[in-house]
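S.K.: Each protein sequence line maps, in turn, to chains C and W.
With the working numbering, letter number 86 in the first sequence gets 86, and the count goes up by one each step, no holes.
The working numbering runs 1000 ahead of the 1-based position in the second sequence.
Read the hints as simulated data drawn from the structure, not as lab findings.
Computed from a predicted structure; not experimentally measured.
Where is the CB? At the ideal position from N, CA and C, for every residue including glycine.
There may be inaccurate statements among the hints.
[Stated by the list, open to error] Derived lysine to aspartate or glutamate pairs resembling DMTMM-like cross-links, with alpha carbons at most 25 angstroms apart:
| # | chain 1 | residue 1 | chain 2 | residue 2 |
| --- | --- | --- | --- | --- |
| 1 | W | Lys1407 | W | Asp1293 |
| 2 | W | Lys1407 | C | Glu46 |
| 3 | W | Lys1350 | W | Glu1323 |
| 4 | W | Lys1273 | C | Asp45 |
| 5 | W | Lys1273 | C | Glu46 |
| 6 | W | Lys1049 | W | Glu1247 |
| 7 | W | Lys1245 | W | Asp1355 |
| 8 | W | Lys1046 | W | Asp1369 |
| 9 | W | Lys1186 | W | Asp1275 |
| 10 | W | Lys1192 | C | Glu160 |
| 11 | W | Lys1407 | C | Asp181 |
| 12 | W | Lys1245 | C | Glu160 |
| 13 | W | Lys1273 | C | Glu160 |
| 14 | W | Lys1407 | W | Asp1387 |
| 15 | C | Lys193 | W | Glu1323 |
| 16 | W | Lys1215 | C | Asp320 |
| 17 | W | Lys1308 | W | Asp1293 |
| 18 | W | Lys1407 | W | Asp1212 |
[Stated by the list, open to error] Negatives, chain C to chain W, calculated, CB over 12 angstroms:
| # | residue |
| --- | --- |
| 19 | Ala20 |
| 20 | Ile57 |
| 21 | Asp181 |
| 22 | Pro322 |
| 23 | Val335 |
[To be verified] If we take Cβ atoms under 10 angstroms as the criterion, some of the chain W residues that face chain C in the derived model are:
| # | residue |
| --- | --- |
| 24 | Gly1218 |
| 25 | Gly1219 |
| 26 | Ala1294 |
| 27 | Gly1297 |
| 28 | Lys1407 |
| 29 | Glu1408 |
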Amino acid sequence: MFDVKDWIRRAGWVDWFLLALRLLVMAVVGGGFISGLLHPRYGRDEWLSFAAFGLTIGAIYALIALGYTMVYGILRMVNFAHGDVFMTGGYAACFSLVACNRAGLLSSQPLLSLFLAVLGAVTVSALVAVLAERIAYRPFRKGRGLAPLISTLGLSFVLEYSARGMFGAQNRSFPSLPLIDGTVDLLGLVMPKTQLVVMLAAVITMIVLTLVVMRTKIGTAMRAVSEDQDAAILMGINVDRVIVFTFALGGMLAGIAGLLYGLVYKQVYFFMGFFLGVKGFGAAVLGGIGNIPGAMLGGFALGLVESLGPAAFLDGLGVDSPYQLRDGIAYTMLVMVLIFRPRGLLGERLSTARA
Amino acid sequence: MIVRLPTTARRALGAALLATTCLVGTVSMSRAETLGGVTDPIGVVKVAKGQPVFIGGMMVLAGPDLALGLDASRGAEVAFDDHKNMVVGHPIKYLPEDAGCSVEGGQAAATRLAANKNIVAVVGPACSSEARGGAPILWNVGIPNADTSATAPALTAPDRPVGLQGLARFVYNDADAAAAAVVYAKSLKVTKVATLHDGSLYAQSLAEKFGDLWKTGGGTITAAEAISPSDTDVRPVLTRIGSTKPELLFAPIFTSASAYLTRQKPEIATMAKVDVLGTDAVLSPAFLEAAGDAAKGYRLTGIDNDPKLLGPSYPALVAKYKEKYGEAPIAGYHANGYDAATAVLMAIEKVAKTDAAGDTYIGRKALRDALLSTTGLNGATGPVSCDKFGDCAPSHFAVFEYVNGDKETFELGKNPKKVYP
Chain C
1 MFDVKDWIRR AGWVDWFLLA LRLLVMAVVG GGFISGLLHP RYGRDEWLSF
51 AAFGLTIGAI YALIALGYTM VYGILRMVNF AHGDVFMTGG YAACFSLVAC
101 NRAGLLSSQP LLSLFLAVLG AVTVSALVAV LAERIAYRPF RKGRGLAPLI
151 STLGLSFVLE YSARGMFGAQ NRSFPSLPLI DGTVDLLGLV MPKTQLVVML
201 AAVITMIVLT LVVMRTKIGT AMRAVSEDQD AAILMGINVD RVIVFTFALG
251 GMLAGIAGLL YGLVYKQVYF FMGFFLGVKG FGAAVLGGIG NIPGAMLGGF
301 ALGLVESLGP AAFLDGLGVD SPYQLRDGIA YTMLVMVLIF RPRGLLGERL
351 STARA
Chain W
1001 MIVRLPTTAR RALGAALLAT TCLVGTVSMS RAETLGGVTD PIGVVKVAKG
1051 QPVFIGGMMV LAGPDLALGL DASRGAEVAF DDHKNMVVGH PIKYLPEDAG
1101 CSVEGGQAAA TRLAANKNIV AVVGPACSSE ARGGAPILWN VGIPNADTSA
1151 TAPALTAPDR PVGLQGLARF VYNDADAAAA AVVYAKSLKV TKVATLHDGS
1201 LYAQSLAEKF GDLWKTGGGT ITAAEAISPS DTDVRPVLTR IGSTKPELLF
1251 APIFTSASAY LTRQKPEIAT MAKVDVLGTD AVLSPAFLEA AGDAAKGYRL
1301 TGIDNDPKLL GPSYPALVAK YKEKYGEAPI AGYHANGYDA ATAVLMAIEK
1351 VAKTDAAGDT YIGRKALRDA LLSTTGLNGA TGPVSCDKFG DCAPSHFAVF
1401 EYVNGDKETF ELGKNPKKVY P
C-alpha cells in the first residue's frame, strides 16, 4: 500500500518537481475542460466530428506506428526511414489511381482501380522497405553504437530527396475515388464515406496483422526472434528471413497507410513522410515501443488527443486559435506519458507477460 | 588544473579583453571606407575592370511555393537581359539562392549571400518570413535588398528595426491588399466573416489587418483561426469555424494549406457552402496541381492585370518571358521581379564611379539610399516611386477565380479569370 509519509521522507527534489508538474498539467487540463463545459461552444455533432477526425488520422498513425514497433521489437532499432516508406506508398497509390483515371477505369471499374492502388502501394512500399533493410541496415546489424541510427536517418533523406528529384517538389493532387465520394449517416452523424472506409480499412488491416503475428508460423518466428534472437537461432529459425519479412510487413502497412492518407487528405508530397513518420514514431512510443497492440492504441490516442484536445480544454482556457497548438498538445501528452510511464501505455503489460 | 594569475596579470588581461571588445565593437558598428575616391559610411565594393557586378537573389526556389520566387527571379533575369547583362561597363553576375519561404530559409540564404563580399545588392525576398530572417543579415553587411513579393506591412513600417532598413519593396503592401479584400467582401453583401492564417508573417499580418478593417467597417469577425504550416488535416479547424456560421472565409494561406482547405472544406457540412477568399499566394499552377478540380470556383485577390493599369513594358516582358522559358508566367510576380531588378540596376548606375583604369567603386549606403529613393521608373507594374519607408510599387487589386483544375490551363486572366472589379 502506498505510504504517503514514507514517500515524503524519501522524496528528492526531482520527485517534488514531477509531482508539481503532474498537478500543474492536471490543473490546466481540468480547468480548461471544466471551463469549456461551463461555456459550451460545440454541439453533439461537432464533438462527434472531432472524434471521427481524430480516429481517422489516428488510424493512419497507428498503421505507421506498427512498422516502427515491429522493427524495434525484432532488432531493437528505430527505423527513422519508415515515414518515407509511407511516402513511397502514397506516391505509388497516387500514380496508380492517376493511371486508372487516364484509362477510364476509375469511373467504370472503381473496385479494380482501388485494388490496383492497394497493390501498387503495398508492393512499392514493401520493396523499398526490404531494399532498405538489405542495403542500409543489414551491414550495421552486428555493429554497436549509433551507426544503425545514423544509417536510418541518412536513408530517410535519400528517399525524400530522391522522391523530390523524381516527382518534383510540389504537392500532387490525389485522385478522388467516386466509389467513396459523398457522405454516410452513421447513427445520426453525417460523415464522409472516405473517413469511414479509412477507419474500417485500418482496423481490418490491424486484425489481419494480429492474425499473421499470432496464428502463423512466420508470426511465431517473429515473436521468437523478438523475445530472444540467440535462442531463436538455436531453435532453427532463419533470423535473416524473419527480419526481411518484418520489414516487408511493416512496408506493406506503411503502403496501406500512404493510400489511406491520400484518400482522406487528397495530396501527396515528397516531405509528407517526415511529419507523419515522427507522429507514427510518437504513437509507437506512446503505446510502448515493441508492443503491437500498444502501437495501435498509441496511434488512435494521439489522433484523438490532437483532434479533441484543442476544443476540449484550450478553448476553455480562452486560448486563441487553439488548433494551431495541436502538435504542441500531442507532444506534451507524449512527454507526460514518458515522464510518468516511461514504458508507454501498454509497455508494462508486455514486460509482465515476458516475465 | 586552475592557474591563478597575479593581480597585475589579471588587470592586464582584463584591459586587453576590454580593448579587444571595444575594437570589435567599433569595427562592427562602423565600416567607413574610402576606395578609388569613393567614401561610404558602411563600405565600398570595388569591381575590377572586366570583372562582373554580383547581384544576389533571395527567394523561394523549391517546394510548394517555388512559383512565387521563381517567377520573380525570371522577371529579374529578363530585366538583366534587357540591359544586355551589363551595368556600368561590367557584366552582371546573378546569384540566386533558395530561401524556402521561411524565416530559417531566409537566414540560410542571406548568410550564404552575405559571405560573398562582392555582392552589391539582392533581388528578393519573395516571402515576408524570408525577409524577417534574411534582410537583417544582408543589411548588417551593407547589402540592400529589392523585395519582389514579401508584402507584410511590418517590413516597411515607420518603426521598422534597423535590420529592415536596407529593404525597398517593389510589390504592394498588405495593408492595401487587406483593404482590397474588404472592399470585395463588402460587394458580396456579407457581414459575418471568419479568417484563417498559418502563423507565417505574411498570412497572420494580412488576416489581422483584414479583421481590423472589417470590424472598423461595421462587420463581424466570427472566428480568427490559425493552423500550423505543416497541418494536413484542416477539418477540425473548419468544424470550429463552421460553428460560428460565417458567410465568407478569408484565408490568406499558401499553396499546400490552401489546397488542403479547398479539398477538405466540402466534407464539413457547416462550411460546404461558405465561399473562401484567398490571396495571390496561391496564384500559381502548383495550387492547381495540389487542389485538382476542387480549385474550381476558388477566388483570390491579386494585382489587377488590366493592361491600362500595368506599365507599357509589361506585354514585352511577358513575350520575352515566354520566349526565354518556353512557358507563360508561372505566377503573378514576374513584373515585380523585373521592376526590382531594374531599380537595382538604376541605383547602381546612379552611384557607381569608374576610374581611369576601368575599376568601378560602389558605396554600399549610397546604393541603398539610391534604391530607396527610386522615382519615376516606368516599370512593368506601372509607375514605380518609393516613399520614405521603402514602399515603391503601385497597387491596383482585382479578384480572380479559378475555372479549371488542370495546371496546364493556368494563365493569369484566363485561369484564374478576373471576376472583380
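S.K.: Decide, hint by hint, whether the structure agrees.
M.R.: Status of each hint after checking the structure:
1. Lys1407/W - Asp1293/W: Holds - the C-alpha atoms of aspartate 1293/W and lysine 1407/W are around 10 angstroms apart, at most 25 angstroms.
2. Lys1407/W - Glu46/C: violated (35 angstroms)
3. Lys1350/W - Glu1323/W: violated (31 angstroms)
4. Lys1273/W - Asp45/C: Judged against 25 angstroms, a Cα distance of about 18 angstroms means the pair holds.
5. Lys1273/W - Glu46/C: holds (17 angstroms)
6. Lys1049/W - Glu1247/W: Judged against 25 angstroms, a Cα distance of about 63 angstroms means the pair is violated.
7. Lys1245/W - Asp1355/W: Since the Cα atoms of lysine 1245/W and aspartate 1355/W sit roughly 69 angstroms apart, the hinted pair is violated (cutoff 25 angstroms).
8. Lys1046/W - Asp1369/W: The hint holds at about 18 angstroms.
9. Lys1186/W - Asp1275/W: Judged against 25 angstroms, a Cα distance of about 13 angstroms means the pair holds.
10. Lys1192/W - Glu160/C: Not satisfied, since the Cα-Cα distance of roughly 43 angstroms exceeds 25 angstroms.
11. Lys1407/W - Asp181/C: Measuring from Cα to Cα gives roughly 23 angstroms; hence the hint holds.
12. Lys1245/W - Glu160/C: violated (40 angstroms)
13. Lys1273/W - Glu160/C: It is violated: about 37 angstroms lies between the C-alpha atoms, which goes past 25 angstroms.
14. Lys1407/W - Asp1387/W: Violated - the C-alpha atoms of aspartate 1387/W and lysine 1407/W are around 38 angstroms apart, more than 25 angstroms.
15. Lys193/C - Glu1323/W: violated (47 angstroms)
16. Lys1215/W - Asp320/C: With Cα atoms ~18 angstroms apart, lysine 1215/W and aspartate 320/C stay inside 25 angstroms; holds.
17. Lys1308/W - Asp1293/W: violated (32 angstroms)
18. Lys1407/W - Asp1212/W: With a Cα-Cα distance of about 35 angstroms, the restraint between lysine 1407/W and aspartate 1212/W is violated, given a limit of 25 angstroms.
19. Ala20: holds (29 angstroms)
20. Ile57: violated (5 angstroms)
21. Asp181: Given a closest Cβ separation of 10 angstroms, the condition is violated.
22. Pro322: Its Cβ does come within 12 angstroms of chain W, the nearest being 8 angstroms, so this is violated.
23. Val335: Check passes; 18 angstroms lies beyond 12 angstroms.
24. Gly1218: violated (23 angstroms)
25. Gly1219: This interface hint is violated because 19 angstroms lies over the 10 angstroms limit.
26. Ala1294: Hint on alanine 1294/W: holds, closest Cβ of chain C at ~8 angstroms, below 10 angstroms.
27. Gly1297: Violated: closest Cβ of chain C sits about 16 angstroms from glycine 1297/W, beyond 10 angstroms.
28. Lys1407: holds (9 angstroms)
29. Glu1408: Since chain C brings no Cβ nearer than about 13 angstroms to glutamate 1408/W, farther than 10 angstroms, the hint is violated.
When held up to the earlier numbered hints, the structure conflicts with 2, 3, 6, 7, 10, 12, 13, 14, 15, 17, 18, 20, 21, 22, 24, 25, 27 and 29 and fits the remainder.
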